[in-house]
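A.B. asks: Turn these sequences into a full structure, and let the hints guide you.
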Amino acid sequence: MDYIWLIPLVPAAGAALNGLLGIRWFGRALAGALACAAVAVALGLSIWAFVGLVALPPDARVHDVVLAAWIPAIPLETAADIGMFSVNWTARLDPLAAIMLLVVTGVGFLIHVYATAYMLDEPRGGYARFFCYLNLFCFFMLVLVLAGNLLVLFVGWEGVGLCSYLLIGFWYEKNSAADAGKKAFLVNRIGDWGFLLGIFLVFFTFGSLDFREMATAVAAMPRERTGFGVLSAICILLFAGAAGKSAQIPLHIWLPDAMEGPMPASALIHAATMVTAGVYMVARNAVLFDHAPLVMQIVAVVGVLTALMAATIGLVQNDIKRVLAYSTVSQIGYMFLATGVGAFTAAVFHLMTHAFFKALLFLGCGSVIHAMAGQQDMQCMGGLRKYMPVTFSTMLIGAFAIAGIPPLSGFFSKDEILYRAFIGNRILWGIATATALLTALYMFRLMTLTFSGGYRGPQGSPLASPAAVAEAALHGARHPHDAHAHGEADRENHEVTHGPADLLREDHARPGPSEGSPAITGPLMALAVGVIVVGFFGMPEALGGTNAIERFLTPSFAGSAGVLTGHADAALSRVAALGLMLCSTLVSVAGILLARHVYLRNPEWPRQLAARWHGMYTFLLNKYYLDELYSATVVRGTIAAARGLFAFDRRVVDGAVGALRWLTLLASWLSHMFDKHVLDGLVKLVGWTAGRASFVVRRLQTGLVQNYALVIVLGLFAFLTVFLFAR
Amino acid sequence: MLEAIVFYTLATFILGFGVMVVTTKNPVHCVLFLVANFLCVAMIYVLLAAEFLAVIQILVYAGGIVVLYLFVVMLVNLRRPPDAQIDTRRQARVGFVLAALLLAEISAILMYSAVHPSSVATIAPQVASGGNTETVGMLLYTDYLVPFEVASMLLLVAMVGAIVLARREA
Amino acid sequence: MMPITPYHYLVLAAALFAIGLVGVMVRRNIIIVLMSIELMLNAVNINLAAFSYQLHDAAGQVFAIFIVAVAAAEAAVGLGIILAFFRNKETVNIDDMNIMRW
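Chains as they are written, first to last, in my numbering: chain A, 3 to 729; chain B, 27 to 196; chain C, 84 to 185.
Computed cross-link-like contacts, EDC-like style, restricted to lysine to aspartate or glutamate with a CA-CA straight-line distance of at most 20 angstroms: (1) A:Lys184 / A:Glu630; (2) A:Lys176 / A:Asp321; (3) B:Lys51 / C:Asp179; (4) B:Lys51 / C:Asp178; (5) C:Lys172 / B:Asp109; (6) A:Lys185 / A:Asp629; (7) A:Lys185 / A:Glu175; (8) B:Lys51 / C:Glu173; (9) B:Lys51 / B:Asp109.
Quick caveat, the hints were computed from the structure, so don't treat them as lab data. No experiment lies behind these values; they were computed from the predicted model shown.
C.D. replies: This is how it looks when you write it as structure tokens:
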């Protein structure tokens with residue numbers, strides 16, 4: 003398994019080739035194939051590494067590869083004594099990393115394949131650029147996953163943040179996309195600020211950044227049950243970073259805007275992998291968090307509140323992509339709930355299943371948008387089932403999975419979380435269950451509005467009518483996200499910014515929306531299979547399964563066994579567990595039926611409800627006004643502070659500088675006067691004296707040789723006189 | 027006794043001819059007095075057992091240099107020589123007084139030395155054994171060979187210089 | 084009469100030197116000034132010969148010979164200069180030779 007360090011480097015090579023050569027010279031086919039091949043190789047290596055890891059006995063399932071010393075030992079002060087600050091490029095393969103490797107490379111590979119077809123409307127250079135970014139993202143994500151210490155993890159962390167920024171702003175000619183990218187980057191900065199402080203505090207406390215050494219050091223310390231000690235401080239700081247990256251309250255606001263990016267990027271980065279990096283990081287430091295129960299409670303509360311809030315917002319959004327974005331936020335809230343109640347394996351399991359079904363939903367949604375020529379408003383869709391059966395069926399599987407219908411993967415993972423939450427705290431369980439109802443409701447609202455009922459979109463060729471674009475704009479599709487969105491009316495602009503639109507391609511010419519190429523449907527079907535299969539690895543014992551995932555992952559959380567065993571003692575009986583499962587299943591089914599009932603049978607209800615609860619509706623539609631709140635407080639406060647500082651700068655600092663300037667001028671004027679009158683006077687005096695003196699002395703120089711002889715003899719006489727009398 | 031008579035006679039002639047050289051108005055007469063002076067000095071050399079030097083004095087000075095002066099005096103044939111009118115300059119009187127003072131001073135030093143003789147002055151005069159010319163020749167071509175050659179170079183340069191200076195512009 | 088000592092020669096040389104000095108400082112004909120210099124050189128030569136005689140060292144005579152050589156060179160160059168000057172200025176008056184003044 004010594005080759006695991008190659009896993010990140012293969013996508014890095016792909017990114018380098020596509021970035022340095024591809025943008026200028028590669029054709030679409032070559033660029034896409036190169037990127038897919040790079041990720042495929044990484045996937046193969048990951049599977050190989052996984053198999054190798056499974057072959058080992060459970061206690062020995064950890065493998066370190068130290069590539070090189072990054073920072074050689076520097077003596078730095080820590081809380082205990084002078085510690086040696088040294089960081090190695092360590093790649094560490096353990097069960098947690100192995101699972102993540104498979105998720106990242108597996109889902110990543112399918113999304114790469116999907117993107118080769120989805121991005122075909124890009125101009126050639128943009129196509130290669132897109133795949134360069136995607137591969138670069140895979141590189142950084144794999145660095146993050148394989149990191150053996152906090153600092154290497156931070157490198158990957160910032161790297162994926164960078165790729166996220168680049169991909170959100172991929173269509174940078176569009177103001178909204180560029181702004182969304184900046185927003186994501188800035189909000190992440192706030193979280194990363196906490197994360198960095200956490201890293202500093204970790205070194206100051208433990209004298210090391212290596213995860214295993216940290217865990218060992220933490221295990222020797224008492225759990226901070228009552229007070230808020232240094233471990234809690236570290237955890238809250240690290241959790242700030244995780245909340246930023248994983249879009250938890252109050253830093254969740256960037257993720258919905260991140261949907262400005264191309265669909266494959268949204269699927270890979272903002273649904274399947276990067277946004278779950280926070281969960282991964284918390285799970286990585288399970289022992290640390292385990293020793294800070296207060297922070298664990300905060301994490302759980304934040305997670306469940308995020309889940310609930312995002313679900314309620316998702317309920318009223320009309321933009322199909324935004325619904326999925328809020329769904330992502332909500333599901334990550336579930337994961338944090340799991341970590342908060344100490345169920346790290348459940349969190350990672352849900353992370354894994356979520357990666358599959360959310361990627362599936364995003365890709366299916368992309369397929370729909372592709373077919374609808376960029377239309378993202380669900381109110382303008384409907385009845386697509388008969389046009390795109392593959393997309394419909396695969397998305398249906400994904401929707402059932404996220405809603406938690408057995409025996410799909412989402413059921414097992416979500417049920418595990420609910421089970422743990424029930425053991426930990428009944429209130430949390432109650433909110434989480436309510437969220438599960440909302441989840442089923444908004445997902446099947448989406449499915450119903452999109453695929454069922456009558457077709458509400460433009461008839462015939464969807465690109466033919468400028469009216470369709472206008473109508474879409476009327477219905478709140480404010481952001482024409484994809485190249486298609488510009489439509490015929492905006493064709494000139496489109497061509498200016500994206501190159502030839504090639505609008506008259508064959509598949510566009512066909513009337514009505516239709517299924518895409520095999521490169522689009524293939525990954526959908528593959529992911530659907532994944533969604534069905536993956537769950538069985540985590541089938542709980544109550545249903546006669548073995549819960550292989552949990553047993554596989556447990557060594558990674560070895561130090562935090564206190565939580566697990568502590569609760570395992572209080573584990574519910576099999577009947578209670580089955581009862582909980584039944585309960586959550588019933589809730590999900592209720593949500594699905596409600597959605598069908600409301601949105602299919604009685605399309606007028608939502609409008610009436612919205613009219614009756616108008617305040618509530620607009621409140622949700624505007625995302626709790628959080629963006630407005632932040633812009634009123636944080637952004638405006640920052641600007642006000644900047645203005646104040648500017649005024650201070652101009653009045654006080656500039657005033658001081660101006661005074662200094664006057665002082666300097668005065669001093670130089672004085673110096674000038676001194677120079678002119680005193681120094682120049684002295685110099686002139688010397689010259690004048692020399693002139694006067696020479697006027698007298700020059701008479702000695704007669705030019706007459708006899709005079710000189712006279713003087714010589716005089717000197718001789720004087721010399722002899724001295725000689726004579728000095729004897 | 028004879029030596030004393032010869033010395034005082036020669037001394038009288040030397041000083042007398044010297045005074046005539048300095049005071050005579052006519053340059054040609056000056057040159058002639060100079061020749062006589064040089065010849066007397068040559069005899070003094072003989073008295074001092076420096077026969078070779080005496081011969082050199084006669085050949086080079088009296089025979090060569092003075093002829094050169096005579097030629098120049100002839101060439102510079104002035105209707106009004108510079109010393110024709112009476113010299114009224116302060117320079118002349120001061121120079122005369124200064125020279126007298128210097129002479130007195132040197133004489134005083136010599137008197138003092140004679141009264142308080144140093145070790146050098148007490149060595150008795152002896153006639154050098156062997157020929158004077160041989161001794162001088164040996165010295166010139168052994169110990170003083172390099173200065174001798176330098177002197178020859180000096181004479182060559184002086185000759186060239188004199189020709190360059192004296193020839194008419196072509 | 085007292086015997087002739089080196090001091091007699093030295094006094095003679097000093098007197099001859101003084102006479103030459105007077106000639107250098109008083110005469111206005113530059114040719115005669117040069118002749119006076121020759122007198123002074125002769126006085127020096129007498130000194131050298133006298134010491135050579137006194138010390139039984141022929142080196143004094145050798146130096147006298149060098150002085151003769153230098154005197155010859157001096158006379159040749161000096162008279163050449165006088166000739167050149169005379170051609171330009173039609174004078175040998177030393178008081179007219181004052182263009183080296185400030």
